[in-house]
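Asks: Protein chains in written order, with numbering that gives the first Met the number 0: chain A, 0 to 171; chain B, 0 to 289.
If you're looking for bench data, these hints aren't it; they were derived computationally from the structure. Bear in mind that the values here come from a model prediction, so they are computed numbers and not experimental data. Note that CB positions come from ideal geometry on N, CA and C, so glycine has one too. You may find that some hints are simply not true.
What the hints assert, rightly or not - A partial selection of chain B residues facing chain A, derived with a Cβ cut-off under 10 Å: (1) F34; (2) N44; (3) V50; (4) V61; (5) E95; (6) L99; (7) S102; (8) Y139; (9) I166; (10) P172; (11) W174; (12) K176; (13) E208; (14) T259; (15) G262; (16) F263.
Said to hold, decoys possible - Derived list of chain A stretches under chain B, where covered just means 3 residues or more per stretch with a C-beta under 8 Å from a C-beta of chain B: (17) 38–51; (18) 151–157.
Each chain, letter by letter, is given below.
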Amino acid sequence: MKRGIIATALIWICFLLQCTFFRALDFGGIVPNLLIILTSSFGFMRGEKTGLGIGFICGILSDIFFGEVLGFYALILMYIGYMNGKFSRVFYPDDIKLPAALIIASDFFYGLICYVLMFLMRGRLQFSYYFMEVILPEIIYTAVVTMILYPVILVINKWLEAGEKRSARKFV
Amino acid sequence: MSPIIKRKGEKFTLPSKYLLFILTILCAGLMILTFSTDVLDKPVNAVAGYVIVPFQKGISSVGKWLGNRSEELAQIRDLLSENKKLKEQVNELTIENTRLQQSQYELNNLRNLYKIDSQYEEYEKTGARIISRDSGNWYYSFILDKGSNDGIAENMNVLADGGLVGIVESVGPNWSKVKSVIADNSNVSGTVLATGDLLMVSGDLQAMERGVIRFGQLVDSESNVAVGDKVVTSDISSLFLPDILIGYIDQIDMDANNLTKSGFITPAVDFEHLSEVLVILELKQTIPDT
């Protein structure tokens, strides 16, 4: 219950920041993808189910405001969350290399899917241009923001887990 | 024991791959539903209007303040208001100028049109503030702080700086989403004011970075169209009102087919520094679907 409320609040804050605050601080019109950071982090920290749930909510939110059809971003982010959940077995909280690599890979995958489905399908063939001008800057900016946002998510997760362990002990 | 629902104490749990499968089908269903009909638009937009938009307004102003704080420090309130007034005047003059040029063209061509009914100052307009921009990096759309409560409806045209910004794509009670003409998925039918030749203005991400819009399908067999000519929305456009300034021709190239020309237009609107826009509260007259 508590976890659900905290997760919803995080999604809500990240979405608002992404399309308002970071839009004012963009570099060359590129904003970092906070929703990917959130989806991946919850994926490898909590497992497949949480990952896909968070991804679905993040995606639906983007769809309502900026999507052409409802469910497009939801589908992509949901699968990203699910795939990240597969790595929850090899995840250790103290190691930042795996999370960083996973978030970067997820953002690349997201960019690639967006390019293929929304641009390549309409005959925009210059992949190198879109890669250099949109996908790569987004990955770099996202990676930089990850360094700040990921520790925050980690602390929140630790705090939640500690609280859950306490209440579990009470029942025993 | 069923593989789908297994018993864990008192609780039923669903394995994640089944959940993934169910949500995938849900997403696909939603996509098909929203692509073919618009039943979901109203309720979804209304909910979004209450959950997200009020906060976007707040944070947007904070973000803007951070982004412009050096600028804001230097500027005094008086100057800002004066600037605003002058800008309005410039807008009016640009509009006036376009109108006059249009009138001249009509006269030159001996068209017996004594009055042009539809000029922009005759349209009823409302001002609105941009409160948020696209969360992705692929398209260029933004959210305005006014919606159907202020009389805005889908497909209304949006202006700024005396030029065309875009078109309202979806509306909630207190917000509306505008698709700009420079977005990669936008197409507008335009006319070269000086010669009356039709062309197609289509947004392009690659051109957007350079601050221009691509155009194509210009049939100009006599090569009358020159760099610097004004391009306005055409009479035959199904969604855009006629004679709204789009921009000025920047570059013209012959297509490989040797029949049509394409090139780039410098937009009249400064899309980099857009903060307030005007929405025309009038829709292009269309033949109703029967």
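Asks: For each hint, tell me whether it holds in the structure or not.
Replies: Comparing the hints with the structure gives:
no.: 1; hint: F34; result: 5 Å, holds
no.: 2; hint: N44; result: 7 Å, holds
no.: 3; hint: V50; result: 8 Å, holds
no.: 4; hint: V61; result: 7 Å, holds
no.: 5; hint: E95; result: 32 Å, violated
no.: 6; hint: L99; result: 35 Å, violated
no.: 7; hint: S102; result: 38 Å, violated
no.: 8; hint: Y139; result: 8 Å, holds
no.: 9; hint: I166; result: 14 Å, violated
no.: 10; hint: P172; result: 14 Å, violated
no.: 11; hint: W174; result: 9 Å, holds
no.: 12; hint: K176; result: 7 Å, holds
no.: 13; hint: E208; result: 6 Å, holds
no.: 14; hint: T259; result: 17 Å, violated
no.: 15; hint: G262; result: 18 Å, violated
no.: 16; hint: F263; result: 16 Å, violated
no.: 17; hint: 38–51; result: holds (count 4)
no.: 18; hint: 151–157; result: violated (count 0)
Violated hints, in rising order: 5, 6, 7, 9, 10, 14, 15, 16, 18; the structure is consistent with all others.
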